[in-house]
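2 protein chains.
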Amino acid sequence: MNPAEFRQQVRQGGFHGPTAGHCGEFAQANLVILPQAQADDFLRFCLFNPRACPLLGIGEPGSWAVPQLGRDLDLRTDVPGYCVYRDGRLAQEVTSLEALWQEDFVTFAIGCSFSFEQMLQQAGIPLRHLEEGRNVSMYRTSIRNRPAGPFAGELVVSMRPMKAADAIRAIQITSRFPGIHGAPVHFGDPALIGIGDLGRPDFGDAVTILPGEVPVFWACGVTPQSALRGAGLPLAITHKPGHMLITDIPNATLAIF
Amino acid sequence: MNPAEFRQQVRQGGFHGPTAGHCGEFAQANLVILPQAQADDFLRFCLFNPRACPLLGIGEPGSWAVPQLGRDLDLRTDVPGYCVYRDGRLAQEVTSLEALWQEDFVTFAIGCSFSFEQMLQQAGIPLRHLEEGRNVSMYRTSIRNRPAGPFAGELVVSMRPMKAADAIRAIQITSRFPGIHGAPVHFGDPALIGIGDLGRPDFGDAVTILPGEVPVFWACGVTPQSALRGAGLPLAITHKPGHMLITDIPNATLAIF
Chain U
0 MNPAEFRQQV RQGGFHGPTA GHCGEFAQAN LVILPQAQAD DFLRFCLFNP RACPLLGIGE
60 PGSWAVPQLG RDLDLRTDVP GYCVYRDGRL AQEVTSLEAL WQEDFVTFAI GCSFSFEQML
120 QQAGIPLRHL EEGRNVSMYR TSIRNRPAGP FAGELVVSMR PMKAADAIRA IQITSRFPGI
180 HGAPVHFGDP ALIGIGDLGR PDFGDAVTIL PGEVPVFWAC GVTPQSALRG AGLPLAITHK
240 PGHMLITDIP NATLAIF
Chain C
0 MNPAEFRQQV RQGGFHGPTA GHCGEFAQAN LVILPQAQAD DFLRFCLFNP RACPLLGIGE
60 PGSWAVPQLG RDLDLRTDVP GYCVYRDGRL AQEVTSLEAL WQEDFVTFAI GCSFSFEQML
120 QQAGIPLRHL EEGRNVSMYR TSIRNRPAGP FAGELVVSMR PMKAADAIRA IQITSRFPGI
180 HGAPVHFGDP ALIGIGDLGR PDFGDAVTIL PGEVPVFWAC GVTPQSALRG AGLPLAITHK
240 PGHMLITDIP NATLAIF
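In the order they appear, the protein sequences are chains U and C. If you count the first sequence from 1, position 156 lands on 155 in numbering that gives the first Met the number 0, and the numbers rise without skipping. If you count the second sequence from 1, position 218 lands on 217 in numbering that gives the first Met the number 0, and the numbers rise without skipping.
These are calculated hints, taken from the structure and not from any lab test. We put the beta carbon where it would ideally sit given N, CA and C, even for glycine. Where hints are given, some of them may not hold.
[Claimed, not checked] Example chain C residues on the side facing chain U (calculated, C-beta under 10 angstroms, incomplete):
hint	residue
1	ARG43
2	GLN121
3	ILE124
4	PRO125
5	ARG127
6	LEU129
7	ALA164
8	GLN171
9	VAL184
10	ILE192
11	GLY193
[Stated by the list, open to error] Label pairs and their computed distance ranges (CB to CB):
hint	chain 1	residue 1	chain 2	residue 2	range
12	C	GLU130	U	GLY23	45 to 51 angstroms
13	C	THR252	U	ARG88	31 to 37 angstroms
14	C	HIS15	U	ALA151	57 to 63 angstroms
15	U	PRO66	C	GLU59	37 to 43 angstroms
16	C	ASP188	U	ARG145	58 to 64 angstroms
17	U	PRO125	C	ALA190	20 to 26 angstroms
18	U	GLU102	C	THR252	40 to 46 angstroms
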C-alpha cells in the first residue's frame with residue numbers, strides 16, 4: 000500500500016491504530032494545527048529549535064491540503080487520531096477534524112524519528128525498543144528551548160541504547176537527515192542533560208540497556224507538543240501520539256548528502 | 000612558509016624537530032619505507048586495515064620522489080627524522096637516508112591525525128593534549144588487525160577526551176576524512192577495547208580527563224609501525240615519531256563530501 004492508499008484507508012475509517020511500520024519508506028510527520036493568531040510565533044519557535052522541530056511542511060491558512068506533503072491530502076481525516084487541546088489541556092481525542100476545522104487553521108508537519116529508525120535498521124543497528132515491542136523511551140531534559148512568544152519549555156529527547164561502534168555509525172547516518180531530527184544531541188551520562196533515571200521515562204516505555212551499551216539521545220518531536228501544552232492556548236490540535244501523518248516524501252530524499 | 004619551502008629547510012639541515020604546528024593547512028604523513036620483497040604484503044595490510052593505515056601515497060620502487068605527495072620531494076632528506084629498524088628492532092635514528100637508500104625501496108605515506116585536529120580546532124572543539132602541551136595519548140587495544148603476510152598485531156588508538164556534544168561534532172567532522180583515519184572507532188569505556196588504564200598510555204602522554212567528558216578513540220598511525228616492528232623484517236624505515244612528512248596536499252581536499 001502506498002501512502003496515498005494508506006491515507007484513503009484512514010479517511011474511510013478503516014484504520015485508527017499507530018502508524019509505526021506502515022509505508023516504512025515514506026516520512027511520517029508530527030502534526031501541529033493552530034489558529035493563525037499563534038502560527039507566526041510557533042513558526043519562529045520551530046526555526047529557533049530546528050533539531051526538535053524540523054519542518055517538513057507548512058499549510059496555507061485554512062487549507063487542509065498541503066501538496067508538498069501528499070497529493071490528495073486531507074489533513075482533517077487522513078491521520079488515524081487527533082488530540083484537541085483547550086487552554087493547554089487535552090480536551091478530546093477524535094478521528095476526524097471535519098466538525099472542528101476553522102478557516103484560520105495553520106498546519107505544521109514536523110519530521111519524525113520513525114524515518115531515521117528505518118535507516119538505522121537498514122544499516123544493521125539493533126533498536127532495542129523495537130526488539131522488545133515497546134515505544135521508544137522519551138525524557139524531559141534540562142536543556143531549555145529558545146522561546147518564541149508563548150512557546151518555550153525544555154527539550155524532550157528520545158533514547159536508544161547502543162554499542163559505541165553502532166552509536167558512531169548512527170551519528171553518521173542521522174547527521175545526513177536534519178529534516179528528521181539529525182544527529183544526536185547527547186550520549187552517555189543522562190544526568191548531564193538533567194535526566195534522573197533512565198528506567199523511568201517521561202513518555203514511552205523503559206527499555207533494557209545491556210552492559211557495554213551507552214544511551215544515545217536525539218531531539219524528539221514531543222518537544223513542540225510539550226511547548227504547545229505549556230503555552231496554554233485556547234485551542235490547538237496535534238496528532239495522537241504514535242498516530243502520525245504518512246506523507247508522500249520518501250525518507251531517502253531527505254538526506255542532505 | 001609553504002610545504003615545499005619547509006621541506007627545503009629540512010633538506011638543508013635547518014630543521015630537525017617535531018612537525019606539529021608547521022604548515023597546518025597541509026596534510027602530514029606517517030612514512031613507511033620497505034624493500035619491495037615485503038611491500039606487497041604491506042600494501043595488502045594497509046588495504047585490509049584502512050582506518051589505521053589510510054594511504055595518501057605510494058612511491059614507485061626505488062624512487063624518492065612521489066609527485067602525488069609533493070613537487071620536488073626527496074624522501075631521503077625531507078623528513079626531519081627517520082628510524083631505521085633491523086630485525087624488528089630500532090637500530091638507528093638518522094636525519095638523512097642518502098647513505099641507506101636502496102634501489103628496491105618502496106615508500107608508503109599514511110594519513111596522520113594532525114590533519115583532522117586542525118579541522119576540530121577550527122570547529123571550536125578543545126583538544127586537551129594541545130592545551131596541556133603534551134603528545135596525544137595512544138594505547139594498544141585488543142582489536143586485532145586483519146593480517147597480511149608477516150604484518151598483524153593489534154590496533155593502536157589515539158584518545159581525545161571531549162564533552163559528548165563535542166564528540167558528536169567530532170564524529171561528523173572526522174567522518175568526512177577517511178584519508179586521515181576517519182571517524183572514531185570507539186568512545187566511552189576503555190575496557191571494552193582492552194585498555195586497562197587511561198592514565199598510562201602505551202605511547203605519548205597522559206592528559207587530564209575532566210568530569211562530564213568521555214574518552215574518544217581514533218585508529219592511529221602507530222598501528223602500522225607497531226605491525227612493522229612485530230614483523231621483524233631485516234630492514235624497515237619509518238619517520239621518527241612526531242617528525243612527519245609534510246605534503247603538498249591541503250587537508251581540506253581530503254574531505255569526501
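message: Is 40 to 46 angstroms respected by the C-beta to C-beta distance linking GLU102 (chain U) and THR252 (chain C)?
response: With Cβ atoms ~56 angstroms apart, the hint is violated.
- request: Using 10 angstroms as the Cβ threshold, decide whether GLY193 (chain C) counts as touching chain U.
  value: Because about 13 angstroms separates GLY193 (chain C) from the closest Cβ in chain U, which is outside the 10 angstroms limit, the hint is violated.
- prompt: Do GLU130 (chain C) and GLY23 (chain U) keep their Cβ atoms within the hinted range of 45 to 51 angstroms?
  reply: holds, 46 angstroms
message: Please check whether THR252 (chain C) and ARG88 (chain U) have a Cβ separation lying inside 31 to 37 angstroms.
response: violated, 57 angstroms
message: Can you verify the interface hint for PRO125 (chain C): is its Cβ closer than 10 angstroms to any Cβ in chain U?
response: violated, 17 angstroms
query: Does the CB of VAL184 (chain C) sit less than 10 angstroms away from some CB of chain U?
result: holds, 7 angstroms
- prompt: Does ILE124 (chain C) pass the interface check with chain U, least Cβ-Cβ distance below 10 angstroms?
  reply: violated, 14 angstroms
Chain U contact restraint on ALA164 (chain C) - CB to CB distance below 10 angstroms: With a closest approach of 7 angstroms, the ALA164 (chain C) hint holds.
query: Against chain U, is ARG127 (chain C) within 10 angstroms by beta-carbon distance?
result: Since the shortest Cβ distance to chain U is 17 angstroms, the answer is violated.
- prompt: Taking the least C-beta to C-beta distance, is GLN121 (chain C) closer than 10 angstroms to chain U?
  reply: violated, 18 angstroms
query: Is it true that the C-beta distance of PRO66 (chain U) to GLU59 (chain C) lies inside 37 to 43 angstroms, as the hint says?
result: violated, 60 angstroms
message: Less than 10 angstroms between beta-carbons is the criterion; does ARG43 (chain C) satisfy it with respect to chain U?
response: violated, 24 angstroms
In summary, the numbered hints that this structure violates are 1, 2, 3, 4, 5, 6, 11, 13, 15, 16 and 18.
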